[in-house]
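*Asks:* So the sequences go chain by chain: A and B.
So the first sequence is residues 14 to 231, counted in UniProt numbering.
So the second sequence is residues 14 to 231, counted in UniProt numbering.
For the record, the hints were derived by calculation from the structure and aren't laboratory data.
Hints may be right or wrong, so weigh each one.
Claimed, not checked - Sample of chain B residues facing chain A (criterion: CB under 8 Å; computed from the structure):
hint, residue
1, A58
2, L62
3, A78
4, L84
5, P101
6, P104
7, H105
8, S135
As the list claims (entries may be wrong) - Just a sample of chain B residues kept apart from chain A, beta carbon distances all over 12 Å, derived:
hint, residue
9, D47
10, G63
11, D70
12, D120
13, G137
14, D141
15, A143
16, A158
17, H215
18, P216
Everything numeric in this text was worked out from a predicted model, so none of it was measured.
Backbone N, C-alpha and C define an ideal beta-carbon position, used for all residues, glycine too.
There are 2 protein chains.
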Amino acid sequence: FELFAFWRTSATYRVRVALNLKGVVAEERIVDIDAGEHRSEAYLAINPLGAIPALIDRGAGQSRAPLTQSLAILEFIEELYPEPAILPPDPHGRARVRSLAAMLAADTHPLITPRVRKYLTSQGGFDDAAWRAWQTHWFTTGLQAVEHRLASEAETGAFCHGETITIADICLASILAVLRIFKIEVPAIPTIERIMRSCEAHPAFAKAAPLAQPGAPR
Amino acid sequence: FELFAFWRTSATYRVRVALNLKGVVAEERIVDIDAGEHRSEAYLAINPLGAIPALIDRGAGQSRAPLTQSLAILEFIEELYPEPAILPPDPHGRARVRSLAAMLAADTHPLITPRVRKYLTSQGGFDDAAWRAWQTHWFTTGLQAVEHRLASEAETGAFCHGETITIADICLASILAVLRIFKIEVPAIPTIERIMRSCEAHPAFAKAAPLAQPGAPR
């Protein structure tokens, strides 16, 4: 596998954790978003959408289109490498985990991406303080909704769903990582903080951490 | 099944199409978002997040938590009722379909929801014209990125992926339905328009159309 990646993006982090958990090695190619490399001709020839991450399966010598969208890539990794499982064995459990993952990766994360920042600051009249208020608002509402579920639903265990790491934990950790990079405080998320300590104790998460990647500020 | 639904929301429409395709009947309970019913005590007792749609599995007399998040619900329906399949049989095909679905349901749709409108018009200084420009911008970039893939990738057929309806078509139709309700024009999407004609010819889509639901304006 070849993984086109950038140290900071939370979607890349998700894929990195899943590969680590499964013990799958992917060669990482750094695409420097800050330098605009995701819009370069060289990268657009690989992925015409310019999206990060992109995972290319070089298995069996085949030339295949890059896989994109972190949630789709996580499901793909789970299908190819079922052990250890990152989805529960029962349909209701899988639906709960996918729902928690979507609350984070689909309901919350798309609102605070660089392309949204660009629009709001260049065309929407947002200054830095307004952008920060926007970020804080969506992180807070998104994480407090997840906190409410985790604190009240019986399926929650040491991790979001029982005692093993699932796609929900991976998405949660990816959002928390972004929160820390931007130094945003979200009040009243004790269950999330407890689960994050369990995740951080696992080498798959530690190895994948944004600030531990090549290209990150020291 | 009991489906808590509202005529206009594209996420509800996705679930309705999938149930129709599988021939599964769900009793619909209307939650009138315009009247604020999703924030009423009665609905919050059912789904504390107030999110629409929510699907409750009443099978086997069990009392279960509601399933939320349309993509998680679509995967659940596919697992319980595999025929006709709405995901391809191979992992690369499934990854492609899930990626297209995420480009629409995760990258595009969350940006144009009522809660974002509320923030931008009440706290972000957006007037109606600015909101319309915002909507048009994200629909256009999202759909043109999907158009680019559908027009250039070999897997595209009568539908987004080959000759059968998948989750990607369901998400695409749900975005197009919203586009029409808001009367927004997106230029240069001929492949999408061709696929939409195939979808609309299918009774599962026609029966699920927002304007065909109870509560819709006549």
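*Asks:* Broken hints, numbered, in rising order?
*Replies:* 1, 5, 8, 10, 11, 12, 13, 15 and 16
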